[in-house]
Amino acid sequence: MQASPKRDLTVGLFVMLGLAAIGYLSIQVGGVTYSGPGGLTIYATFDEVGGLKPRAPVAVAGVSVGQVKRIELDSDLRARVTLDLDPNLELSADTSASIRTSGLLGDQFVALEPGSEDEILRPGEEIAYTESALLLERLIGRFVHDSGVRTD
Amino acid sequence: MKTPTLQALGFRTVSLVGHLGCIVVFIGEVVTYAVRRPFRARRLVNEVFDVGVLSLAIVCLSGATVGAVLGLQGYNTLSRFGAEGSLGAVVGLSLVRELGPVLTALLVTGRAGSAMAAEIASMVTTQQLDGLRMMSINPVDFVVTPKALAMLIAMPMLNALFIVFALFGGYLVGVVLLGVDSGVYVASLEHAITFEDDVAGTLLKSGIFGALVGCIATYRGYISEPTSAGVSAATTGTVVTASVAVLLADYVITALWGV
Numbered sequence: 115m116q117a118s119p120k121r122d123l124t125v126g127l128f129v130m131l132g133l134a135a136i137g138y139l140s141i142q143v144g145g146v147t148y149s150g151p152g153g154l155t156i157y158a159t160f161d162e163v164g165g166l167k168p169r170a171p172v173a174v175a176g177v178s179v180g181q182v183k184r185i186e187l188d189s190d191l192r193a194r195v196t197l198d199l200d201p202n203l204e205l206s207a208d209t210s211a212s213i214r215t216s217g218l219l220g221d222q223f224v225a226l227e228p229g230s231e232d233e234i235l236r237p238g239e240e241i242a243y244t245e246s247a248l249l250l251e252r253l254i255g256r257f258v259h260d261s262g263v264r265t266d
Numbered sequence: 002m003k004t005p006t007l008q009a010l011g012f013r014t015v016s017l018v019g020h021l022g023c024i025v026v027f028i029g030e031v032v033t034y035a036v037r038r039p040f041r042a043r044r045l046v047n048e049v050f051d052v053g054v055l056s057l058a059i060v061c062l063s064g065a066t067v068g069a070v071l072g073l074q075g076y077n078t079l080s081r082f083g084a085e086g087s088l089g090a091v092v093g094l095s096l097v098r099e100l101g102p103v104l105t106a107l108l109v110t111g112r113a114g115s116a117m118a119a120e121i122a123s124m125v126t127t128q129q130l131d132g133l134r135m136m137s138i139n140p141v142d143f144v145v146t147p148k149a150l151a152m153l154i155a156m157p158m159l160n161a162l163f164i165v166f167a168l169f170g171g172y173l174v175g176v177v178l179l180g181v182d183s184g185v186y187v188a189s190l191e192h193a194i195t196f197e198d199d200v201a202g203t204l205l206k207s208g209i210f211g212a213l214v215g216c217i218a219t220y221r222g223y224i225s226e227p228t229s230a231g232v233s234a235a236t237t238g239t240v241v242t243a244s245v246a247v248l249l250a251d252y253v254i255t256a257l258w259g260v
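Chains as they are written, first to last, in the numbering used here: chain F, 115 to 266; chain S, 2 to 260.
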């Protein structure tokens with residue numbers, strides 16, 4: 115088989131098309147959950163993280179500003195969550211963090227609610243006010259238990 | 002011959018073990034020639050044309066159809082729970098994790114793998130490989146390696162194209178035909194699929210399938226009997242063996258790495 119510029123061109127086009135498809139799947143569809151700059155590391159300690167997983171989004175007023183980097187158990191058996199946030203974010207020192215669910219059966223994420231203090235959170239600092247994940251099973255259990263007591 | 006059954010059994014066992022040895026030596030040779038100079042770029046480009054460009058139409062068409070069917074089936078099931086919003090996730094996850102790599106591998110086996118085996122087998126029949134050997138050119142180097150390598154290169158790309166077209170087909174049916182909100186479809190798709198778990202897995206799978214199909218097709222052609230029946234046996238054998246190997250490998254990869 116001899117050289118054929120037309121065939122080379124189609125093969126080149128095919129390879130480019132293939133790479134474009136791979137790129138589209140990786141970047142657009144597979145997209146890293148948060149594509150903005152990370153770098154601001156903040157910690158938050160919760161009594162209960164429920165189904166929160168690493169790479170879950172962190173949102174302020176519903177806008178994604180970072181992601182959960184690591185979840186580990188600290189020395190007093192509470193869950194210590196490492197948040198990787200946009201470094202330009204200026205969160206007040208009395209910001210509170212809560213674990214919410216998007217929709218009834220959706221994935222869990224960390225919602226941050228800025229407070230009113232002038233001082234801002236520095237990298238590596240800890241969020242003081244946290245609200246644990248709402249466990250639906252526990253809530254239902256408590257409801258059933260309570261109503262059982264009342265009917266006695 | 003007093004114990005023909007026993008003899009036949011022994012003969013079969015020995016020849017099976019011999020075959021396995023041959024396969025290992027063959028694959029070893031292919032890998033060696035793939036990484037050693039001279040790189041036969043011209044032949045590789047021609048083979049990528051045969052495997053990739055000529056399979057493009059069937060892969061894209063099948064992709065769009067499969068995606069459209071998935072969209073339809075998924076919608077019918079999900080709408081019972083009022084969960085049409087998850088259509089994108091259902092279509093996307095099943096395509097990226099399973100259907101894309103497996104169906105592409107099966108299509109390419111039928112479209113290009115069989116042709117590859119038939120080509121090599123007819124070269125065996127017409128003693129072209131012997132002719133190459135006489136000129137002290139190793140046929141594994143000159144004929145087999147570019148073909149196997151082309152399969153390895155083209156498979157992930159065809160897989161990605163299959164998935165992209167299938168996502169488009171699913172979008173067409175789900176959004177345009179059935180009226181799922183376009184933003185909801187795309188958001189649930191993009192939210193469900195992650196690069197680390199799903200897209201990397203699909204590329205790994207299709208790469209392994211490409212290597213498998215390439216090696217099986219070229220090996221079946223290479224060891225074929227130098228008769229016209231040998232050519233047809235090599236073609237059929239390639240399609241059967243490669244399809245089974247792809248499905249088995251799919252299970253093993255999913256069990257090992259969970260993709």
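Just so you know, not all the hints are guaranteed correct.
Now the in silico label distances, taken between C-beta atoms and shown as ranges [what the hints assert, rightly or not]: (1) A201(S) <-> S189(F): 52 to 58 angstroms; (2) A134(F) <-> V15(S): 25 to 31 angstroms; (3) G29(S) <-> A134(F): 41 to 47 angstroms; (4) T66(S) <-> K167(F): 33 to 39 angstroms; (5) T215(F) <-> E99(S): 26 to 32 angstroms; (6) R37(S) <-> D221(F): 47 to 53 angstroms; (7) A188(S) <-> P201(F): 23 to 29 angstroms; (8) T215(F) <-> G184(S): 19 to 25 angstroms; (9) T215(F) <-> T14(S): 37 to 43 angstroms; (10) G29(S) <-> K167(F): 27 to 33 angstroms.
It should be emphasised that the hints constitute simulated quantities derived from the structure, not laboratory data.
Note that CB positions come from ideal geometry on N, CA and C, so glycine has one too.
Here's how the hints hold up against the structure:
Taking 52 to 58 angstroms as the suggested C-beta distance range, the pair A201(S) and S189(F) does not conform, at roughly 35 angstroms. As the Cβ distance of A134(F) to V15(S) is approximately 50 angstroms, the hint placing it in 25 to 31 angstroms is violated. Separation of G29(S) from A134(F) is about 35 angstroms and departs from the stated range, judged on CB atoms against 41 to 47 angstroms. At about 35 angstroms, the beta-carbon gap between T66(S) and K167(F) stays in the expected band of 33 to 39 angstroms.
Remark: the range hint 26 to 32 angstroms for T215(F) to E99(S) is upheld by a beta-carbon distance near 28 angstroms. Between R37(S) and D221(F) the C-beta distance comes to about 49 angstroms, which sits within the given range of 47 to 53 angstroms. Distance hint for A188(S) and P201(F): a CB-CB separation of about 27 angstroms, consistent with the stated range 23 to 29 angstroms. Between T215(F) and G184(S) the C-beta distance comes to about 20 angstroms, which sits within the given range of 19 to 25 angstroms.
Roughly 60 angstroms separates the CB atoms of T215(F) and T14(S), a value that falls outside the hinted 37 to 43 angstroms. For G29(S) paired with K167(F), a C-beta distance near 42 angstroms fails the hint of 27 to 33 angstroms.
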